[in-house]
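Number of protein chains: 2
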Amino acid sequence: MGYEYDRAIAVEQIDAGTYAANLDGGWSVGGGLNGGYLLAVIGNAIKSDLEDLGHPDPYAVSAYYVSPSVAGPARVTVRHIRVGRGTATVAATLSQFQDDGSPVERITALATYGDHARISDDVRTTAVPFDLPPYDDCVLTSTAPPEVKAFVPMLDRFAMRADPANTGLIGGPPSGSTAVQAWFELADGRPIDPIALLTVVDTLPPVTIEMGLPGWAPTVELTAHIRATPAPGPLRIRHETRNYVGGCFEEDCEVWDSAGRLVAQSRQLALAPLAQ
Amino acid sequence: MGYEYDRAIAVEQIDAGTYAANLDGGWSVGGGLNGGYLLAVIGNAIKSDLEDLGHPDPYAVSAYYVSPSVAGPARVTVRHIRVGRGTATVAATLSQFQDDGSPVERITALATYGDHARISDDVRTTAVPFDLPPYDDCVLTSTAPPEVKAFVPMLDRFAMRADPANTGLIGGPPSGSTAVQAWFELADGRPIDPIALLTVVDTLPPVTIEMGLPGWAPTVELTAHIRATPAPGPLRIRHETRNYVGGCFEEDCEVWDSAGRLVAQSRQLALAPLAQ
Chain A
1 MGYEYDRAIA VEQIDAGTYA ANLDGGWSVG GGLNGGYLLA VIGNAIKSDL
51 EDLGHPDPYA VSAYYVSPSV AGPARVTVRH IRVGRGTATV AATLSQFQDD
101 GSPVERITAL ATYGDHARIS DDVRTTAVPF DLPPYDDCVL TSTAPPEVKA
151 FVPMLDRFAM RADPANTGLI GGPPSGSTAV QAWFELADGR PIDPIALLTV
201 VDTLPPVTIE MGLPGWAPTV ELTAHIRATP APGPLRIRHE TRNYVGGCFE
251 EDCEVWDSAG RLVAQSRQLA LAPLAQ
Chain B
277 MGYEYDRAIA VEQIDAGTYA ANLDGGWSVG GGLNGGYLLA VIGNAIKSDL
327 EDLGHPDPYA VSAYYVSPSV AGPARVTVRH IRVGRGTATV AATLSQFQDD
377 GSPVERITAL ATYGDHARIS DDVRTTAVPF DLPPYDDCVL TSTAPPEVKA
427 FVPMLDRFAM RADPANTGLI GGPPSGSTAV QAWFELADGR PIDPIALLTV
477 VDTLPPVTIE MGLPGWAPTV ELTAHIRATP APGPLRIRHE TRNYVGGCFE
527 EDCEVWDSAG RLVAQSRQLA LAPLAQ
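Respectively, the protein sequence lines represent chains A and B.
Position 222 (the first sequence) corresponds to 222 in the numbering used here; numbering is contiguous.
If you want the numbering used here, it's the position in the second sequence, counting the first as 1, plus 276.
The reader is advised that the hints may include incorrect statements.
Stated by the list, open to error - Anything over 12 Å on all C-beta distances counts as not near chain B; from chain A, calculated: (1) ALA109; (2) GLU147; (3) ILE226.
What the hints assert, rightly or not - Okay, the calculated bits of chain A under chain B, using three or more residues with CB under 8 Å as the criterion: (4) 83 to 91; (5) 240 to 254.
Stated by the list, open to error - Part of the chain B face toward chain A, derived, beta carbon under 8 Å: (6) TYR335; (7) SER338; (8) TYR340; (9) ILE395; (10) ARG400; (11) ALA403; (12) THR454; (13) ALA504; (14) THR505; (15) PRO508; (16) ARG518; (17) TYR520; (18) VAL521; (19) ARG543.
Just so you know, the hints here were simulated from the structure itself, not pulled from any lab data.
The C-beta atom is built at its ideal place from N, Cα and C for all residues, glycine as well.
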């Protein structure tokens, strides 16, 4: 019943500002859980905490990843820093539990929420969407061979259609590009709302895959700006790095909706996979 | 004795993880204090807290601005979230005091620190520096007329030489551009270290000044990635927005050093000045 994505990010309030979650192993990558999925779990707990106060939508969320999460029980705590008329700012923490029951912090985050319905229609965006081949000419990443899917089980959680020029992304040799791009939908067609955008911005493989550095690139910090609720239909997403230094790189993500709106921008600082 | 910038960002430990500061009115803009200056005060307290643990340099800092700071006493508290071998992650808060002595939170921040000396020389930056006219052809912003300097006293704290094409930035009519750029040094020649870069990324006037929206643009959130310690000499800085929607805009900043290195990248989400 309902969408699997909603079950995966579900939270249940167990005390004031405290929410229980059950992290879904279907969002695994390289033995850990995807950072965007975890961000949406935190984002969903914050939404539960703030929507009755008139602030249902993330405007900006910054997350610092301090230890790898695993499938199973987790807790999100939300502390109000300032609840105003236009926006609310909170601190949130996602923790899991050791065998003796003591908590281990996985992610610490700050966020400002508001209400997209309050944003005016004064759109002066100068950015233009990137070029991406038509949906049907792109390559569904969930058709990857079994050895890839064993490393990235989460490929089954969404319908991502990659630009065929991103040869590294679709299982071929690295293209040498410093960008990766694709069409994106959730696997079960669940509409992408502002909370799901927190997942979308971290679903593409790291751009390092095209730079000849395959493997998982752990996120140090990720900040997402959610600027609008997307129109229905597949999203166009792109990651790019411009400053790879000493095994550390920034990754900028843009998410464009079917109506041609730049609905989300994110940037993360990540550690490159160790050179093979 | 010493540099005025060091006096302005000085902190004194008063308890474990607690630092006293005295916010400098010389860094005022539009009746508040500059967000980059405040970020360096927080960054300096974190540095004091972490340098003995081997993590003197900011890698990533995310700050959420919840109320306007004023000149005078302030307190920075630093909480360790994870102190590892390569990096340390902390939460920090800058507070001031009401007449009855109760604290008011001004800025809440998360940060990951490390040591720039540990970063390898494997530089694969693909970004190229922006075009900026030679230093001597640019316009010193501290020569602005008295009515401008009354609104932006901090112009005296640095030697900023603005691109003459940024006519709005140098007191003329708005150019219509969505970017502003300049050369930058601190007024007293104090070398720019990683902590001072936290100030540098927020010293340019908001790009909205060139879009015909003069005035102060309050920062909601600012994340800075400090990627290297700059070489000596003037820095080149640029702010650009690409997604202005409903009075809210992102501002990307790049800081290039005299050796042609992209030493800092930041992005902030800001509120546009109310249309005149």
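Here's how the hints hold up against the structure:
With a least CB separation of 8 Å from chain B, ALA109(A) falls inside the 12 Å interface cut-off, contrary to its annotation. Every beta carbon of chain B lies more than 12 Å from that of GLU147(A), the smallest distance being close to 28 Å; the non-interface claim holds. Non-interface call for ILE226(A) relative to chain B: violated, since the shortest CB-CB distance, roughly 10 Å, does not exceed 12 Å. Proximity of the region 83 to 91 of chain A to chain B, defined as three or more residues with a beta carbon under 8 Å from a beta carbon of that chain, is established by the 3 residues found.
Counting residues of the region 240 to 254 of chain A whose CB falls under 8 Å from any CB of chain B gives 9; the rule of at least 3 is met. With a cut of 8 Å, the hint placing TYR335(B) at the interface with chain A holds, because the nearest CB-to-CB distance is about 7 Å. Checking SER338(B) against chain A: minimum C-beta separation of about 4 Å stays under 8 Å; hint holds. This hint holds: TYR340(B) has a C-beta 5 Å from the nearest C-beta of chain A, less than the 8 Å allowed.
The interface hint given for ILE395(B) holds, since its Cβ lies 4 Å from the closest Cβ of chain A, which is under the 8 Å cut-off. For the restraint placing ARG400(B) at the interface with chain A, the shortest Cβ-Cβ distance is roughly 4 Å, inside the 8 Å limit, so the hint holds. The beta carbon of ALA403(B) is positioned within 8 Å of a beta carbon in chain A (closest approach about 4 Å), and the interface hint is therefore held. At its closest, the beta carbon of THR454(B) sits 5 Å from a beta carbon of chain A; the interface hint therefore holds under the 8 Å criterion.
This hint holds: ALA504(B) has a C-beta 7 Å from the nearest C-beta of chain A, less than the 8 Å allowed. Evaluation of the THR505(B) hint against chain A yields a violated restraint, the C-beta minimum of about 12 Å exceeding 8 Å. Interface hint at PRO508(B): violated, since its Cβ lies 19 Å from the closest Cβ of chain A, which is beyond the 8 Å cut-off. The interface hint given for ARG518(B) holds, since its Cβ lies 4 Å from the closest Cβ of chain A, which is under the 8 Å cut-off.
Interface restraint check for TYR520(B): the shortest CB-CB distance to chain A comes to about 4 Å, inside 8 Å, so the restraint holds. Contact between VAL521(B) and chain A, as hinted, is supported at the beta carbon level, the nearest pair being about 5 Å apart and thus within 8 Å. Because the closest C-beta pair between ARG543(B) and chain A is about 6 Å apart, less than 8 Å, the hint holds.
Checked against the numbered hints given earlier, this structure breaks hints 1, 3, 14, 15; the rest are met.
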